[in-house]
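Asks: Going down the list, the protein sequences come from chains A and B.
The working numbering applies: residue 1 is where the first sequence begins, and numbers increase by one.
The working numbering applies: residue 1 is where the second sequence begins, and numbers increase by one.
Derived by calculation from the structure, the hints in this document are not laboratory data.
Be a bit skeptical, because a hint or two may be false.
For lysine to any residue, the following SDA-like pairs were computed, each having C-alpha atoms within a straight-line distance of at most 20 Å [claimed, not checked]:
1. A:K167 x B:R115
2. A:K156 x B:F93
3. A:K156 x B:K43
4. B:K80 x A:D165
5. A:K156 x B:K119
6. A:K174 x B:K12
7. A:K167 x B:G149
8. B:K43 x B:R190
9. B:K12 x B:L67
10. A:K156 x B:W101
11. A:K156 x B:A97
12. A:K156 x B:S58
13. B:K12 x B:G66
14. A:K105 x A:S173
15. B:K119 x A:K105
16. A:K156 x B:Q94
17. A:K167 x B:A84
18. B:K43 x B:E165
19. A:K156 x B:G149
20. B:K119 x A:D165
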Amino acid sequence: MSLKFLQRFNVKDRLLGLIVPLFVLALWQGAVSQHLFSELLLVPPLTLWNTIIELFRSGDLISNIQVSLNRVFLGFLLGGSAGFILGVGMGLSPVINRALGPLVKVLQQVPELAWMPMIILLFGIDEFARIFFIAIGAFYPMIFNTYQGVSGVPEKYHELARVFDYKSFRYLSKVIIPSALPSIITGIRLSIGLSWMFLVGAELFGTESGVGFLMIMGRQMFQIDVVMAGLVVIGTLGLIINTLLKKFEQFVLRGRVSFDGGAA
Amino acid sequence: MDIIVAKDVRKKFKLKHGQQVKNNGIVSNEIDALGGFDLNIKKGEFLVLVGPSGSGKSVFLDIVGGLSTPTSGVVYLDDKPVDAPSEKTGYVFQQYALFPWRTALSNIEFGLESRGVVKEERVKIARELLSLFGLSDFEDRYPYQLSGGMQQRVAIARALATKPEVLLMDEPFAALDAQTREILQNELIRIWEGTDTTVIFVTHSIDEAVFLADRVAVVTARPGKIKEIIEIDLPRPRHGDIRSCSAFAANRHKVWGALKAEVNKAQQDWKHAPVNSK
Ligand SMILES: Nc1ncnc2c1ncn2[C@@H]1O[C@H](COP(=O)(O)OP(=O)(O)OP(=O)(O)O)[C@@H](O)[C@H]1O
Ligand SMILES: [Mg+2]
Numbered sequence: 001m002s003l004k005f006l007q008r009f010n011v012k013d014r015l016l017g018l019i020v021p022l023f024v025l026a027l028w029q030g031a032v033s034q035h036l037f038s039e040l041l042l043v044p045p046l047t048l049w050n051t052i053i054e055l056f057r058s059g060d061l062i063s064n065i066q067v068s069l070n071r072v073f074l075g076f077l078l079g080g081s082a083g084f085i086l087g088v089g090m091g092l093s094p095v096i097n098r099a100l101g102p103l104v105k106v107l108q109q110v111p112e113l114a115w116m117p118m119i120i121l122l123f124g125i126d127e128f129a130r131i132f133f134i135a136i137g138a139f140y141p142m143i144f145n146t147y148q149g150v151s152g153v154p155e156k157y158h159e160l161a162r163v164f165d166y167k168s169f170r171y172l173s174k175v176i177i178p179s180a181l182p183s184i185i186t187g188i189r190l191s192i193g194l195s196w197m198f199l200v201g202a203e204l205f206g207t208e209s210g211v212g213f214l215m216i217m218g219r220q221m222f223q224i225d226v227v228m229a230g231l232v233v234i235g236t237l238g239l240i241i242n243t244l245l246k247k248f249e250q251f252v253l254r255g256r257v258s259f260d261g262g263a264a
Numbered sequence: 001m002d003i004i005v006a007k008d009v010r011k012k013f014k015l016k017h018g019q020q021v022k023n024n025g026i027v028s029n030e031i032d033a034l035g036g037f038d039l040n041i042k043k044g045e046f047l048v049l050v051g052p053s054g055s056g057k058s059v060f061l062d063i064v065g066g067l068s069t070p071t072s073g074v075v076y077l078d079d080k081p082v083d084a085p086s087e088k089t090g091y092v093f094q095q096y097a098l099f100p101w102r103t104a105l106s107n108i109e110f111g112l113e114s115r116g117v118v119k120e121e122r123v124k125i126a127r128e129l130l131s132l133f134g135l136s137d138f139e140d141r142y143p144y145q146l147s148g149g150m151q152q153r154v155a156i157a158r159a160l161a162t163k164p165e166v167l168l169m170d171e172p173f174a175a176l177d178a179q180t181r182e183i184l185q186n187e188l189i190r191i192w193e194g195t196d197t198t199v200i201f202v203t204h205s206i207d208e209a210v211f212l213a214d215r216v217a218v219v220t221a222r223p224g225k226i227k228e229i230i231e232i233d234l235p236r237p238r239h240g241d242i243r244s245c246s247a248f249a250a251n252r253h254k255v256w257g258a259l260k261a262e263v264n265k266a267q268q269d270w271k272h273a274p275v276n277s278k
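Looking at chain A on its own, in the form it has when it is part of the complex:
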């Protein structure tokens, strides 16, 4: 345990992870300044950096990030809670499981993008369509992991609940959910992660805001630097969100033996 802890802060390993990207950046910058590539096609890192700063200053970036985060949040809230509720139901009741399980499995096979025409037909190209699209992405990891956690609650915990007269809501909140929590949190993490992945897909159709929109505008106006800035921002925000979620996971599951810091 303590050894693992030290290794996580091993300075050498950390540096190695920094040196390679820095080396690539230097090569890239060098190649462009030696005119090996057109600056118009492959924007050098320094220009990219300036573009990002510029977008920040103008407030464009911030407002579009806000819009995107908002969409991810609403999509996750919609799809995640649906997945959570159905996952709990399926985990607790074999009848619900038999009734819904096959349907969920079939729908899961439908590739995400294949939903798009359907959604557009149903809702038109509006904000709800975009959120619904993200929600579909958020739904599956949540229903699957919640079901796993709830159906895996040890028989002994159910018996203890009966012995000590835990019923309905108290049974759910004091026994089932805490017991299933490691799975549920994994579900939340994957669910938000997928929402983030599908955000750009959702912003590809008919939006006038969001980080995805920023990139599409950049493409249309042939501003490669803006397109690349969008990529950097999406990647960085995704990383930050994932790191925060892992911290959250560690905090909530502190004190549990089976929890090893979230390798998944």
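Given chain A, put chain B with the ligands in place with the hints provided.
Replies: Leaving out everything else, chain B with the ligands in the frame of chain A:
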């Protein structure tokens, strides 16, 4: 006065499709776990059940605890038929079954929360029990930070917290090493002798049975019923060193005498059982 009365309790289990078992030479797809279990337990007594593996001891405990219903027959608790878990009953399982997300203190509070006891009172009761088991310094520890013996102490404390009239204990020390086991037996008997709780305790250890019990009830090989009840004539309060006195050995001998034939019979049954009988 009898606090628990079991009258002709029978329990059959339907086996899964394709599974069969022999009951007295007849092949059947039902298993007779209990076959006419009669037992009266006095208020405040420490009764130990011993019997071969698979003789229905756990099934009987589940029925007394209201976790399972008999196929026929009744168990009365304070003259009322048991049909659901009762507030008067506490249960300690073989596996610790502590909740890993709760500290020692909070695990002990578990049973009090559903009974509407306020936080302050809960903590007070839980702290008293922790100190009774010598675990006061461990109240903030999570189960994985406790040894097996400590975990089982917490599980017993959790069952005692609701002040049950009847405490059901199903091989609570089976997973512990021999030394820890004796220490816990000593602690349990010390704590129990200061209460008027009725205990039904299941074990495979004859030493444990003799050391703890007022009476040892020997259960027959499946289908389980009471074969013989042996009064343990050792004085109370009992201390650990009673294990080496000759009266202890004599009681031990009596219990083993009643149990031996049943264990052999159960083993014969397993030998003759069809391969897929479990
Ligand atoms: N839910 C069940 N379904 C089918 N058979 C069961 C079930 N529970 C118990 N049995 C059977 O009933 C019989 C008695 O089981 P029980 O667990 O009460 O035995 P036991 O005396 O506690 O044994 P051990 O000493 O090994 O714990 C066994 O043959 C067991 O296989
Ligand atoms: Mg048993």
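Asks: Next, verify each hint and record whether it holds.
Replies: Tested hints:
In summary, the hint linking K167 (chain A) to R115 (chain B) is supported, as the alpha carbons are separated by about 11 Å, within the 20 Å threshold. Between K156 (chain A) and F93 (chain B), the direct Cα distance comes to roughly 8 Å. Compliance with the 20 Å bound is thereby established for this hinted pair. For the hint pairing K156 (chain A) with K43 (chain B), the CA-to-CA distance comes to about 28 Å; that exceeds 20 Å, so the pair is violated. Between K80 (chain B) and D165 (chain A) the CA atoms are separated by roughly 18 Å; this keeps the pair inside 20 Å, and the hint holds.
Under the criterion of a C-alpha separation no larger than 20 Å, the hint pairing K156 (chain A) with K119 (chain B) is inconsistent with the structure, at around 25 Å. Restraint check: the Cα-Cα separation between K174 (chain A) and K12 (chain B) comes to about 33 Å, which exceeds 20 Å; the hinted pair is violated. Proximity of K167 (chain A) to G149 (chain B) is assessed by CA-CA distance (about 30 Å); at most 20 Å being required, the pair is judged violated. For the hint linking K43 (chain B) to R190 (chain B), the alpha-carbon distance of about 18 Å falls within 20 Å, and the restraint holds.
Under the criterion of a C-alpha separation no larger than 20 Å, the hint pairing K12 (chain B) with L67 (chain B) is consistent with the structure, at around 15 Å. The suggested pairing of K156 (chain A) with W101 (chain B) holds, with an alpha-carbon distance near 15 Å, which does not exceed 20 Å. Note on K156 (chain A) and A97 (chain B): the hinted pairing holds, with a Cα-Cα distance of about 6 Å set against a maximum of 20 Å. In summary, the hint linking K156 (chain A) to S58 (chain B) is supported, as the alpha carbons are separated by about 13 Å, within the 20 Å threshold.
Taking the CA atoms of K12 (chain B) and G66 (chain B), the gap is near 16 Å; set against the 20 Å cutoff, the hint holds. For a cut-off of 20 Å, the pair hint linking K105 (chain A) to S173 (chain A) is broken: about 27 Å separates their Cα positions. Pair hint K119 (chain B) plus K105 (chain A) does not hold up; C-alpha atoms about 45 Å apart against a cutoff of 20 Å. Using a Cα cut-off of 20 Å, the hinted pair K156 (chain A) and Q94 (chain B) holds, with the two alpha carbons roughly 10 Å apart.
Annotation: proposed proximity of K167 (chain A) to A84 (chain B) holds, straight-line Cα distance about 13 Å (limit 20 Å). Between the alpha carbons of K43 (chain B) and E165 (chain B) the distance comes to roughly 8 Å, so the proposed pair stays at or under 20 Å and holds. At roughly 19 Å between alpha-carbon atoms, K156 (chain A) and G149 (chain B) fall within 20 Å of each other, so this suggested pair holds. This hinted pair checks out: K119 (chain B) and D165 (chain A) have alpha carbons roughly 18 Å apart, not beyond 20 Å.
The structure fails to meet hints 3, 5, 6, 7, 14 and 15 from the earlier list, while all remaining hints are met.
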